[in-house]
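Asker: Between the sequences and the hints, there should be enough to build the whole structure, so can you do that?
Heads up: the sequence lines are chains A and B, in that order. According to our numbering, the first sequence is numbered sequentially starting from 1. According to our numbering, the second sequence is numbered sequentially starting from 1.
Simulated from the structure, these hints should not be mistaken for laboratory data. Incorrect hints may have been included.
[What the hints assert, rightly or not] With a straight-line Cα cutoff of 27 Å, these simulated DSS-like cross-link-like pairs (lysine-lysine) come out:
no.: 1; chain 1: A; residue 1: K39; chain 2: A; residue 2: K372
no.: 2; chain 1: A; residue 1: K10; chain 2: A; residue 2: K200
no.: 3; chain 1: B; residue 1: K97; chain 2: A; residue 2: K438
no.: 4; chain 1: A; residue 1: K159; chain 2: A; residue 2: K43
no.: 5; chain 1: B; residue 1: K97; chain 2: A; residue 2: K159
no.: 6; chain 1: A; residue 1: K358; chain 2: A; residue 2: K372
no.: 7; chain 1: A; residue 1: K453; chain 2: A; residue 2: K372
no.: 8; chain 1: B; residue 1: K108; chain 2: A; residue 2: K161
no.: 9; chain 1: A; residue 1: K159; chain 2: B; residue 2: K106
no.: 10; chain 1: A; residue 1: K39; chain 2: A; residue 2: K161
no.: 11; chain 1: A; residue 1: K438; chain 2: A; residue 2: K161
no.: 12; chain 1: A; residue 1: K159; chain 2: B; residue 2: K108
no.: 13; chain 1: A; residue 1: K161; chain 2: B; residue 2: K102
no.: 14; chain 1: A; residue 1: K358; chain 2: A; residue 2: K438
no.: 15; chain 1: A; residue 1: K358; chain 2: A; residue 2: K159
no.: 16; chain 1: A; residue 1: K438; chain 2: A; residue 2: K372
no.: 17; chain 1: B; residue 1: K97; chain 2: B; residue 2: K108
no.: 18; chain 1: B; residue 1: K106; chain 2: A; residue 2: K358
no.: 19; chain 1: A; residue 1: K161; chain 2: B; residue 2: K106
no.: 20; chain 1: A; residue 1: K161; chain 2: B; residue 2: K97
no.: 21; chain 1: B; residue 1: K102; chain 2: A; residue 2: K159
[As the list claims (entries may be wrong)] Computed footprint of chain B on chain A; a stretch qualifies when at least three of its residues, placed anywhere within it, have a C-beta under 8 Å from a C-beta of chain B:
no.: 22; segment: 16-29
no.: 23; segment: 166-174
[Stated by the list, open to error] To give a feel for the contact side, a few chain B residues facing chain A, derived at Cβ under 7 Å:
no.: 24; residue: N34
no.: 25; residue: M38
no.: 26; residue: F56
no.: 27; residue: L60
no.: 28; residue: C61
no.: 29; residue: M68
no.: 30; residue: A79
no.: 31; residue: E81
no.: 32; residue: V84
no.: 33; residue: A85
All C-beta atoms in this analysis are idealised placements derived from N, C-alpha and C, irrespective of residue type, glycine included.
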Amino acid sequence: MDYSQFLAMKQEIGLLIVFLLVFLYDLFAPRYAVAGTDKKAVKGISMLATVLFAVFTAYGFCCSVTDNAQSVFGGMYSTTPVVATIKNILNIGVLIVLIQSMQWNASEAQATRRAEFYELLFITLFGMYLMISARHFLLFVIGLESASLPLAAMVAFDKNKYESHEAAVKYILTAVFSSAIFMLGLSFVYGLAGSLYFDKIAAAALQDSGLLIVAMAFVMAGIGFKLSLVPFHLWTADVYQGAPTSVTSYLSVISKGATAFAFMVVMVQVFGQFYSDAWEWMLYALIIATITIGNLFAIRQRNMKRFLAFSSVSQAGYIMLGVIGANEMSLAAMMFYILVYIFSNLAAFGVIQAIENKTGLVGMDSYRGLHKTNPRLAFAMMLAMFSLAGIPPFAGFFSKFFIFTGALNQGSVAMYVLVLIALINTIVSLYYYLLVVKAMYIAPEECEIANFKSACSERLALVVTVGGIILLGIVSVVYNSILTMTSSPL
Amino acid sequence: MDFLNNFQLNSLMFLIPSLFMFCCGVYGFLTRRNMIAMLISLELMLNAVDMNFVVFNRFLCPAQMDGMFFTLFAIAIAAAETAVAIAIIINAYRIAKDIDVKDLTKMKF
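Answerer: In structure tokens:
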């Protein structure tokens, strides 16, 4: 075997090194430097993990500039400029999540298992990398599982909170159920095509048989679960509400973004044009259901985390518009959408987390009159809501605009209808995003939340995310560089 | 012994039991209210998938070993899944003193 092949997996190996260093520090550093609420312990492990990951993120950017497309291990693993870019986008998101979680990680409840949070998080990210780079279904399944199993443990992280365990039970049981359905679909694909390589399945050019459609539906259901597309979304709200907020924000942006990209790779490379008649219509129905039902359920939520859960369900529908478009432009639009979604959603979660860490309140009603007591947090939340709703000139407007344009590029009447439905839903979503803004700015009551000074790390994360919301749309270099990248093959 | 010599194994003979097993798993998962019983049903489903892979490999494309390797990895993954799920169920039991899913109703709609 040629061991130099491992050199192609630069980002995976870099991430593993970060993981191992954090793990070894946790194992061998004296206890007072890891556990307890001593300031040294709090700073030590969190700073170590965050700084190491920041270095790794920078390294990832340097790699992606110089690297060419490579396919190793008999074609099971492949890395291209596009793949490296989506990994870099995810890295930025994870870095923000890490900075946001510092304050929560310093709390008393986290005293004994501070480092485990980072270890589990890095391993899930590693699984997502494999999922994105996989060109064989075995590697894909391994990536999918190592992304979802540690996540279940992370959801159950609040050991003393009942909700956390209820959420974890719901998550793990439905996750395993969906992955069993997914693997059954794979076994049918294997039976039909005789191989598990993406390109060989595509080259088999199977006849349109009933079994193939069943197999495809199962595969879509399995990945749709991870993306929380309607009708596979029922776990989303409960898990988002029960999990610790740091884990929720990780789940809602990073896990979703990685799976959306992997889903697109599977749909385009495996089922491709040969079977596009079948899967495009399935996805068409899923997108309409996802956007509409996600929006309608979000309207009646009063818990901020639950509210953002349903909002993220409908956002997943918009991301899927990039998959159904299936051309270069909608691929670029999808990647840009994921990037913008990471910034806007993390800004919203940053505010929620800052308030929850200080007061423990997550209800929308507690946010009434927030601008009087905490004007900066209210402002950041408002920008996040505007960006999620897609109001110009914030980044969310441009990402929606590009993704609609990409879908319309296909030119069929059905696509125009789909984009019209998505547009109408954008207006519905505006209503519920503005409910939050109304509660913060217009409601006359005295605010439950007294004025407080948020931690340094939380402020840093908020500045970065708000900066991203304002700048990403206007600085067109970002979208342009993604667009030039996607002209090269996947 | 004539009967045994002429007896041809057919892939359907394995696929139908494995699908039956899968459906039993789905049925059990949907009807059982005890979390451990649900976990057992999930194991049934995963094992049915493994059988499917082995059968397809043996009968349809014996030249390559894709299916066999997939099965080996799937077994390991299923074991990991069970371990995590049981750990979570034990934790839930410690707090709720019960492993009936009917009681997991604090968060709804």
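Asker: Each of the hints needs a verdict: does it hold here or not?
Answerer: Here is what the structure says about each hint:
no.	hint	verdict
1	K39/A to K372/A	violated, 32 Å
2	K10/A to K200/A	holds, 26 Å
3	K97/B to K438/A	violated, 42 Å
4	K159/A to K43/A	holds, 22 Å
5	K97/B to K159/A	holds, 15 Å
6	K358/A to K372/A	holds, 17 Å
7	K453/A to K372/A	holds, 14 Å
8	K108/B to K161/A	holds, 17 Å
9	K159/A to K106/B	holds, 17 Å
10	K39/A to K161/A	holds, 25 Å
11	K438/A to K161/A	violated, 31 Å
12	K159/A to K108/B	holds, 21 Å
13	K161/A to K102/B	holds, 19 Å
14	K358/A to K438/A	holds, 23 Å
15	K358/A to K159/A	holds, 19 Å
16	K438/A to K372/A	holds, 13 Å
17	K97/B to K108/B	holds, 20 Å
18	K106/B to K358/A	holds, 24 Å
19	K161/A to K106/B	holds, 12 Å
20	K161/A to K97/B	holds, 14 Å
21	K102/B to K159/A	holds, 21 Å
22	16-29	violated (count 0)
23	166-174	holds (count 7)
24	N34	violated, 12 Å
25	M38	holds, 6 Å
26	F56	holds, 4 Å
27	L60	holds, 6 Å
28	C61	holds, 4 Å
29	M68	violated, 11 Å
30	A79	violated, 11 Å
31	E81	holds, 5 Å
32	V84	holds, 5 Å
33	A85	holds, 5 Å
The earlier numbered hints that this structure contradicts are 1, 3, 11, 22, 24, 29, 30.
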